[in-house]
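Enquirer: Since the structure of chain A is already known, use the hints to place chains B and C on it.
Chains as they are written, first to last, in my numbering: chain A, 1 to 217; chain B, 1 to 229; chain C, 1 to 193.
Heads up, a few of these hints could be off.
[As the list claims (entries may be wrong)] Sample of chain C residues facing chain B (criterion: CB under 10 Å; computed from the structure):
| id | residue |
| --- | --- |
| 1 | V16 |
| 2 | V41 |
| 3 | Y72 |
| 4 | T125 |
| 5 | G128 |
| 6 | G130 |
[Stated by the list, open to error] The following residues of chain C were derived to be distant from chain B, with all beta-carbon distances above 10 Å:
| id | residue |
| --- | --- |
| 7 | T48 |
| 8 | N62 |
| 9 | E66 |
| 10 | L73 |
| 11 | I76 |
| 12 | L96 |
| 13 | V155 |
| 14 | D163 |
| 15 | F168 |
| 16 | L181 |
| 17 | A189 |
These aren't lab readings, by the way, just hints derived from the structure by calculation. The model shown is predicted, which means the values in this text are computed figures rather than measured ones. Ideal placement from N, C-alpha and C gives every residue a C-beta, glycine not left out.
Letter by letter, the chains look like this.
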Amino acid sequence: MAKKQVNPTDEFIKGLWRDNPVFIQMLGLCPALAVSNTAINALAMGAATTFVLVMAGLSVSLLKNFIPREARIVSYICIIATFVTCVDYAIMAISIELHRALGAFIALIVVNCLILGRSEAFASKNKPHIAVMDGLGMGVGFTVALLFIGVVREVLGSGTLFGVDLFADGFQTWTVMVLPSGGFFAMAIWLLVVNWIRQRQEKADKQTSEQTGEAAS
Amino acid sequence: MNTPAPPQQKPTTVWQMYRSIVGIGAFCALLIVSVYQGTSARIADNRARFLSSAIEEVLPAVRSTVEVSLDESGSLVAAAEAADLPAYLGYDENGDLVGAVITARGMGYADNITVLYSYSFELQAIVGHKVLESKETPGLGDKVELEPHFLANFEALDARLNEDGTALANAIVTVKEGEKTEAWQLDGITGATITSDAIGSILNQASSYWLPALERDARDFQPPQSIEE
Amino acid sequence: MNEPGYWSIFLNAALVNNFVLAYFLGICPFFGVSAKLETAVRMSGAVTFVMLVASTCAFGINLILEAINAPYLRIISYILVISSAVQLVEMLLRKLSPPTFKALGIFLPLITTNCAIFGLALFQTNKGYGFTQAIVYALGAAAGFALALVLMAGVREKLDLADVPSIFKGTAAALVVAGILSMGFMGFAGLGR
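Here chain A stands alone, though its shape is the one from the complex (with noise of 0.2 Å):
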């Protein structure tokens, strides 16, 4: 492994935006879809996950020369796992409503290869802060681009934000954006806004490197 210097920071910022998990690597995309018909499920779903990646990454993390390289699936499915039945007791713990309203989806967090995918390719390989910030990143990635979508099927869905009703009484609902399809559609509404920006950049970027290269000849 090349020893490149790695930054904290950049780890966390990458996971915002270049490598955001649901809108650019497509991960994770079950619970993205299913638990975000409101946006404080939403954001409970994303705490929850980001939970579980920032303890998973640090757990692989420090024990990285302790697993050998056979066991090391097995090993951090185990981890994961423990995690997540932590977070489901303490969802459990804090309000029963919300367990209700998120279902097995708590549980399926074990299933989200997010977790699993940046364990084994990032966690297993690097010090324990920055696998730490990395999953911070990326939960952090998660949990904004679940609000996005969150929001959008909320506001349109029930004409409600975080349970506070923004219409007066005239507004007519799209309930199909509350119903499965709608997540499919919030989806797709959002990755065509992220394709067009990050289209726009490439073109800059492009005309940008054109213009220095003009310039250096």
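Expert: Relative to chain A, chains B and C alone:
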């Protein structure tokens, strides 16, 4: 990605595998058990609070409850352990029996619907309902929790028993919106036909199961003293 | 009280509460391998197979967990036992029936830790299904998954030929198609009564 294996890597010995798996297992077990221990009291507390607020919603006069179940012979006994679909006898602050609160479940439009409803011994009628769990279509199926004329059904939904006390005198059914003529009929909701039908059949089924025993035994039932709050 | 019939469980899992289109389970393979019809069919075969294994395992583990009264071990034991059982079956298959292994083999490791599989195990436990009910539920879920995947692949093969704006290409278009499919599947609600 094809990261080349570090050159100096030694083959993993059985001992190393064993050590790491047992170590991680122990670490995980410790963590899970301590979290479980740490949260179990609060979770039980939350559950109880959730239940009592739900019961208060369907039967406001209740101050304390006793969970009951039916034994093999069909008579009413205090429940030995928490059931999946429990039923409770509700007592007011003087310790007098005011009603029963019953959980029931049945198939709705999309998935199972679980409801909590209350039965008044005085009126011999169902006097309140609350949907605990449903995945019905928002805006349509969830009207059973919101629609005023549907909720008005539960001012006193007749659930009298027949003369032998063995079954409901009149089966509880849902009729089309605006066609309710009898006290045991549920005025349905147009646009949520299947869901309101489902509520009717859930109530009918659960009442046929519980009410004969409740009517026969509940008045003589001695609540265990320790459970009173 | 009344137990749901096998047919109703099957229909519910396959159509009304389709795992992919209503519960969003197994979205990753859904978008990953739904580009070609043939891959989609083979993937569905593998998923059916793993779901049956998972359902059986989950039923067994749940019996043990209930006997020792340790619900807090559910998540960890489900995921470990299901993934090792699939691995074991994969080895057996390679030895006993190489053609089947060739057809399904490459998909098996991919779907071992898939949300649809794990979700199936959790839901069947939450619903309190008995053994045959659980098997029927698994079959229904697998049939629903296969149906969604094959439909999607059919649409996407055509979509590839269409001229769509560049930002719309790929997953964004697939998402919209999935959304419309999901709306279509809502029409099945009420069937499983």
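Enquirer: Confirm or reject each hint.
Expert: Going down the list of hints, with the structure as the test:
Look at C:V16: its Cβ gets to within about 6 Å of chain B, closer than 10 Å, so that hint holds up. Look at C:V41: its Cβ only gets to about 28 Å from chain B, farther than 10 Å, so that hint breaks. For C:Y72, the interface hint holds, since its Cβ comes within 10 Å of a Cβ in chain B; the closest pair sits about 4 Å apart. Taking 10 Å as the C-beta cut-off, the interface hint given for C:T125 is violated, the closest approach to chain B being about 12 Å.
Interface hint status for C:G128: upheld, as the beta-carbon distance to the closest one in chain B is roughly 7 Å, under 10 Å. Taking 10 Å as the C-beta contact cut-off toward chain B, the hint placing C:G130 at the interface is violated, the least distance being around 14 Å. The Cβ of C:T48 lies farther than 10 Å from every Cβ of chain B, with a closest approach of about 22 Å, so its non-interface assignment holds. Distance check on C:N62: its Cβ is at least 14 Å (rounded) from any Cβ of chain B, clearing the 10 Å threshold; non-interface status holds.
The Cβ of C:E66 lies farther than 10 Å from every Cβ of chain B, with a closest approach of about 12 Å, so its non-interface assignment holds. Non-interface call for C:L73 relative to chain B: violated, since the shortest CB-CB distance, roughly 7 Å, does not exceed 10 Å. A cut-off of 10 Å between C-beta atoms contradicts the statement that C:I76 is not in contact with chain B; the least separation is 7 Å. Interface exclusion of C:L96 from chain B stands, the closest Cβ pair being 27 Å apart, more than 10 Å.
Even its closest Cβ contact with chain B, about 24 Å, leaves C:V155 beyond 10 Å, as expected for a residue assigned away from the interface. For C:D163, the shortest C-beta to C-beta distance to chain B comes to about 35 Å, beyond the 10 Å cut-off, and the non-interface label holds. For C:F168, the non-interface assignment is confirmed: its Cβ lies about 29 Å from the closest Cβ of chain B, beyond the 10 Å cut-off. Distance check on C:L181: its Cβ is at least 17 Å (rounded) from any Cβ of chain B, clearing the 10 Å threshold; non-interface status holds.
Once the 10 Å rule is applied to beta carbons, C:A189 is inconsistent with being away from chain B; the minimum gap is 5 Å.
Of the numbered hints stated above, those contradicted by the structure are hints 2, 4, 6, 10, 11 and 17, listed in ascending order.
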